[in-house]
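**Student:** Below, each chain spelled out in residue letters.
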Amino acid sequence: MKHLLFSGKQKLSDLIHANYKLLQVLPRFNIKLGFENKKVDEVCEQYGISPHLFLMVCNVCTFDTYAPGKEAGQLDIDGLILYLTRSHQDYREYRIPVIKEQLNRLLDRHNAREEESVRQFFDDYSAEVIKHLRHEEHTVFPYIYGLKQGVRSEQYHIRQFEKNHGNIEEKLHDLKNIIIKYLPDQNDGELRNQVLFNLFWLEEDLNRHTLLEERILVPFAQQLEERLNINHE
Amino acid sequence: MNNMQPGTMKARKKYRIAVVEPSILLSEGLKTMFHANAEFEIASCSTNIPHFFERPTAIPPDIILINPMLIDFQRQNHVRAVFSSHPGALLVAIVYHFIDQDVLRQYHGSITVFDDAHKIQRKLNHAINTNHNSPETVDNFDLSDREKEILMSVVRGLQNKEIADAHNISIHTVISHRKNISRKTGIKSVAGLTVYALLHHLLDQNEIE
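Residue numbers (this note's numbering), protein chains in the order written: chain C, 1 to 233; chain G, 234 to 442.
Check the hints yourself; a few may be wrong.
Unchecked claim - Some but not every residue of chain C turned toward chain G, in silico, with C-beta under 7 Å:
id: 1; residue: T62
id: 2; residue: T65
id: 3; residue: R109
id: 4; residue: R113
id: 5; residue: F121
id: 6; residue: E170
id: 7; residue: D174
As the list claims (entries may be wrong) - DSSO-like cross-link-like pairs, simulated, lysine-lysine; straight-line CA separation at most 27 Å:
id: 8; chain 1: C; residue 1: K11; chain 2: C; residue 2: K32
id: 9; chain 1: G; residue 1: K247; chain 2: G; residue 2: K356
id: 10; chain 1: C; residue 1: K181; chain 2: G; residue 2: K264
id: 11; chain 1: C; residue 1: K21; chain 2: C; residue 2: K176
id: 12; chain 1: C; residue 1: K176; chain 2: G; residue 2: K412
id: 13; chain 1: G; residue 1: K412; chain 2: G; residue 2: K381
id: 14; chain 1: G; residue 1: K381; chain 2: G; residue 2: K417
id: 15; chain 1: G; residue 1: K394; chain 2: G; residue 2: K381
id: 16; chain 1: C; residue 1: K176; chain 2: G; residue 2: K381
id: 17; chain 1: G; residue 1: K417; chain 2: C; residue 2: K176
id: 18; chain 1: G; residue 1: K356; chain 2: G; residue 2: K264
id: 19; chain 1: C; residue 1: K181; chain 2: G; residue 2: K417
id: 20; chain 1: C; residue 1: K181; chain 2: G; residue 2: K356
id: 21; chain 1: C; residue 1: K100; chain 2: C; residue 2: K38
Hints were generated in silico from the structure; no laboratory data involved. Keep in mind it's a predicted model, so treat the numbers as computed, not measured. All residues carry an ideal CB built from backbone N, CA and C; glycine is no exception.
Build the full structure now, drawing on both the sequences and the hints.
**Tutor:** Shown next, in the form of structure tokens:
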């Protein structure tokens, strides 16, 4: 499996050609396009990014069967948390508002019953996502920073980390089915497709995001806790 | 007559597998994998379904390992019917493309090209052991009247226990109805089911709190 993954010797542009969805990973590392024929290692050096972290994220976003975790020893945890935080920002400030705007335009063509129920569903869903992101930023990430400096916390323990992003995933899945199967047609084909493309994309992106948190972030925090003799139950 | 040494375990029955798979690489690989296996043997390999039916073996296979992509779209939801001449055989899918979950549910099990020998054997054993509760047909996706009643109770916010009491059924039955409702509608959350009920005029807006 390992030889099938991306490596630092490859041109960054080749990675994008292999998986164009990596385009949305670049800004979260602050990498700008126009990098000519530079290799991944060179671009990482230029931007002061850990190539190990960058490649891990690109591999997670590209190869379905890739399960990171074994090489956690060399993990740049600050870099990972920065990446996760910027992804949150992206969801909150860009991805979700775009879907909301498109969905509103779509629902304007529908009767009040349809409009109100679907809009309400989406608003509840996005509020739930944003609450979850804030919780991670305000509680989980600072807790891990604290652990790194040897600070214990009475309020939080990594075992409380919501392994189960289940609720959020379930609702996104439901929303897709409502729009695909149950919302009556109002000659809204193109707009409706745009909403669906964005929902599918958001879902895929959130799944990769969850994978990074559950496979990398949480085990790392557990290791730190063990080192500080914070007991697990 | 038993010619085994005393004290040895009773030899387990060998399961005969028919492979229906267009890739020679894959079927040869499966053959190699099962070559020295004590429980399973590959009895035949076919590259497509007509080929499989043209060459019946003396003893019918216990397991048909088949690539679901070989079954055309019209018959994809009727996999059991395609193999109705082999009612006793377990159907196990070989998966390396995207296969819809509803299609896959008709099979007794599935293996993927990323599984190792150990995992494949475990999955086949699992399919054999769970065969008795064979999956129900996926033809009917309309909610029954009973399911609609349960759905209405769910979106009105009743808990399983309350629904059971209201309809005079066991909690177990309520859960089973709810599973079927979610499977048929493709919607799992209560909020999503509420939207479903509204869009199907089963519920008025002012009924929701």
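**Student:** Check whether the Cα positions of K394(G) and K381(G) lie no farther apart than 27 Å.
**Tutor:** holds, 17 Å
**Student:** K176(C) and K381(G) were given as a pair; does the straight-line alpha-carbon distance stay at or below 27 Å?
**Tutor:** holds, 22 Å
**Student:** Measuring from the C-beta of T65(C) to each C-beta in chain G, is the shortest one below 7 Å?
**Tutor:** holds, 6 Å
**Student:** Measure nothing beyond the straight line between the CA atoms of K181(C) and K356(G); if it is 27 Å or shorter, mark the hint as holding.
**Tutor:** Violated: K181(C) and K356(G) sit about 33 Å apart, past 27 Å.
**Student:** Taking 7 Å as the limit, does the beta-carbon of R113(C) come near enough to a beta-carbon in chain G?
**Tutor:** Hint on R113(C): holds, closest Cβ of chain G at ~6 Å, below 7 Å.
**Student:** Answer holds if the nearest beta-carbon of chain G is closer than 7 Å to that of R109(C); otherwise answer violated.
**Tutor:** At about 15 Å, which exceeds the 7 Å cut-off, the nearest Cβ of chain G leaves the hint on R109(C) violated.
**Student:** Against chain G, is D174(C) within 7 Å by beta-carbon distance?
**Tutor:** holds, 3 Å
**Student:** Next pair to validate is K100(C) with K38(C); report whether the Cα-Cα distance is within 27 Å.
**Tutor:** violated, 37 Å
**Student:** Is the hinted pair K417(G) and K176(C) satisfied, with a Cα-Cα distance of at most 27 Å?
**Tutor:** holds, 15 Å
**Student:** K11(C) and K32(C) were given as a pair; does the straight-line alpha-carbon distance stay at or below 27 Å?
**Tutor:** Answer holds: K11(C) to K32(C) is near 15 Å, not above 27 Å.
**Student:** Given E170(C) as an interface hint, is the shortest Cβ-Cβ distance to chain G below 7 Å?
**Tutor:** holds, 5 Å
**Student:** Would the hint linking K356(G) and K264(G) be met if the CA-CA limit is 27 Å?
**Tutor:** holds, 17 Å
Checked against the numbered hints given earlier, this structure breaks hints 1, 3, 10, 20 and 21; the rest are met.
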